[in-house]
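2 protein chains.
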Amino acid sequence: MQARHLFPEDQIVLREVGLRDGLQLTKQYPTTEQKLEWLNLEYRAGVRHFELGSFLPAARFPQFADLRELIQATSSLEAAFSTALTLNERGVADALETQVDEMIFVVSATESHSIANTRRSQTEAIEMLARIDAQRRAGRADPPVLTAGIAMSFGCSLEGEVNPRDVIKIAERSLKAGADVLAVADTVGFGGPKQVAWMVRELRRAFGDDQSIAMHFHDTRGLAIANCAAALDNGIRVLDGCLGGLGGCPFAPGATGNTVFEDMVFLCKSMGLQTNIDIEDLLAARKIVAASMPDEPLHGAMARAGLPRMLEGV
Amino acid sequence: MQARHLFPEDQIVLREVGLRDGLQLTKQYPTTEQKLEWLNLEYRAGVRHFELGSFLPAARFPQFADLRELIQATSSLEAAFSTALTLNERGVADALETQVDEMIFVVSATESHSIANTRRSQTEAIEMLARIDAQRRAGRADPPVLTAGIAMSFGCSLEGEVNPRDVIKIAERSLKAGADVLAVADTVGFGGPKQVAWMVRELRRAFGDDQSIAMHFHDTRGLAIANCAAALDNGIRVLDGCLGGLGGCPFAPGATGNTVFEDMVFLCKSMGLQTNIDIEDLLAARKIVAASMPDEPLHGAMARAGLPRMLEGV
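Keeping their order, the protein sequence lines are chains A and B. Here my numbering is used: the first residue of the first sequence is 7, the next is one more, and so on. Here my numbering is used: the first residue of the second sequence is 7, the next is one more, and so on.
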């Protein structure tokens, strides 16, 4: 699969990452059957891109034990795309046995977080990314897209402020090591729209307008939707979010999680950007999330307010 | 008082409208003592602009019965400014007996809402605004600033979409009738950041960069902070909000209320804009709001997440 097929340039892609990032920290998680219903309801609402889990040992991460089934289910849906985290060679070997369309390998914008999170320096992480690239190409003629997720791009829970130049540098090293796509992440929700606008302009200046760049925001401090608006304004076409804003922040217990998916769709509508996603169908799909994880708080303004008059029935 | 004293051009003004808009729809409201504590705590946090109530008959609007006391208290605080709604000549007469710094008279961007809300056509509302302007000038040599609040500027609960040209038109008529300042309101939370950016540019093109223009957003559909960012990006320097996002929407029961004040302060900080307001002090002030209205849901991401590492203690 090529990045331009996964993320066509002329299309807004809103990717549902709830089945991965949304379940990263939860104590409860849905059954496989509930996950498939969640997937199917969102597919019917018009969502086409799904991050489904992480290739990790099922014993330690039971919430992702059914990842293969979810990938298979997604591959049977027309024009639907699946993504999974692959954090090491073993994960890539597992991924290559599936039809997953995109593998995300995570590097960190800061050395401290790289070591704390993965016990690898940034240089070691880039070396592993290069090995993963070689591994996928050796394994398959048309391997999955390889994406470098850049954690802590807008501030770091360990180092505090992050120099945006460091993000550009690690992005450049990731692309050189073989990544097709960048996923620039505000892992802990420190970023604001001015930083986002600057970062997007610099990334596009450094790597060209045709480079696929996804942005991944957390609403930890209430700026996720403003950050999405800034990203869209500056030409970003791939954004991550979770239905109901699932997914917290390990460094801010009780904080809001990922960008609320359905509010992000409304933002796009309000900006005149076509998503082909139906908000009312999404709101209906929240029920399965609520039912399968009753103790998880769901966030989101659209769920409280409903569609404004001029969009009712649209 | 002149508008340029109330809203200096070189300064970001974040106005707390909780004591007015935040109490507009609530069944509970704080005692006068609790309101004064709320006011003082926010003043200590650095807030200097307060909308305190509405000059309306106390029998029908008991939540605003102590408006005069709040104005008096505010006038005793150094460099603090008070605002109140004055919706008719009687209200203005009452206002002129106080030291209120700003009177807001509300006009509607749509004829339907004007009639439904006030039983006045837009033309009748503009005529009343002109009479109010004459009344304030006859009453005092240095009368309060007169602001035209333009309701439903980004969409109307009755008419649906609102033509931005109609907002510019009613704004122009309001200024001609004697208003010093415009307060452009997304009363029902229909607007998005693209509309806001367009509106601000058109308003400034029509009325000049030195015209004081305040923007008033509701977070009904999750776009308030994105709209604030768009307004600030395009030169707006006066924004309204409520601690804890108080204030609902009469047309969307259960919806989020006004822009969350403390999240708006964080937005400004993230954009490098000086507000002189301390977020941790604001978060502490939420306690008095929560204690005085225990049944009102308080919103806001900062309250859940706390300050990011790089701003701790700043």
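Misleading hints may appear alongside valid ones.
Note that the list lumps identical chains together, so a pair holds whenever it fits in one copy or between two copies.
[Unchecked claim] Straight-line Cα separation of at most 25 Å, SDA-like style, residue types lysine to any residue; simulated pairs:
| hint | residue 1 | residue 2 |
| --- | --- | --- |
| 1 | Lys275 | Glu167 |
| 2 | Lys33 | Asn123 |
| 3 | Lys275 | Leu164 |
| 4 | Lys200 | Gly241 |
| 5 | Lys175 | Glu133 |
| 6 | Lys182 | Glu84 |
| 7 | Lys200 | Leu289 |
| 8 | Lys182 | Gln141 |
| 9 | Lys33 | Leu181 |
| 10 | Lys182 | Ser298 |
| 11 | Lys182 | Arg50 |
| 12 | Lys33 | Ala65 |
| 13 | Lys175 | Ser298 |
| 14 | Lys200 | Gly52 |
| 15 | Lys275 | Pro170 |
| 16 | Lys182 | Arg171 |
| 17 | Lys293 | Glu95 |
| 18 | Lys275 | Met7 |
| 19 | Lys33 | Pro256 |
| 20 | Lys275 | Asp172 |
| 21 | Lys275 | Arg171 |
| 22 | Lys175 | Ser82 |
Hints in this document: simulated from the structure, not taken from any laboratory.
Status of each hint after checking the structure:
no.	hint	verdict
1	Lys275 with Glu167	between (33 Å within a copy, 13 Å between copies)
2	Lys33 with Asn123	within (20 Å within a copy, 49 Å between copies)
3	Lys275 with Leu164	between (37 Å within a copy, 20 Å between copies)
4	Lys200 with Gly241	both (14 Å within a copy, 14 Å between copies)
5	Lys175 with Glu133	within (15 Å within a copy, 61 Å between copies)
6	Lys182 with Glu84	neither (33 Å within a copy, 59 Å between copies)
7	Lys200 with Leu289	between (30 Å within a copy, 24 Å between copies)
8	Lys182 with Gln141	within (16 Å within a copy, 71 Å between copies)
9	Lys33 with Leu181	neither (35 Å within a copy, 57 Å between copies)
10	Lys182 with Ser298	neither (42 Å within a copy, 58 Å between copies)
11	Lys182 with Arg50	neither (38 Å within a copy, 52 Å between copies)
12	Lys33 with Ala65	within (15 Å within a copy, 52 Å between copies)
13	Lys175 with Ser298	neither (41 Å within a copy, 51 Å between copies)
14	Lys200 with Gly52	between (31 Å within a copy, 24 Å between copies)
15	Lys275 with Pro170	between (30 Å within a copy, 17 Å between copies)
16	Lys182 with Arg171	within (17 Å within a copy, 50 Å between copies)
17	Lys293 with Glu95	neither (37 Å within a copy, 51 Å between copies)
18	Lys275 with Met7	neither (29 Å within a copy, 42 Å between copies)
19	Lys33 with Pro256	within (13 Å within a copy, 37 Å between copies)
20	Lys275 with Asp172	between (34 Å within a copy, 22 Å between copies)
21	Lys275 with Arg171	between (33 Å within a copy, 21 Å between copies)
22	Lys175 with Ser82	neither (38 Å within a copy, 54 Å between copies)
Figure legend: structure checked against the earlier numbered hints; hints not met, in rising order: 6, 9, 10, 11, 13, 17, 18, 22.
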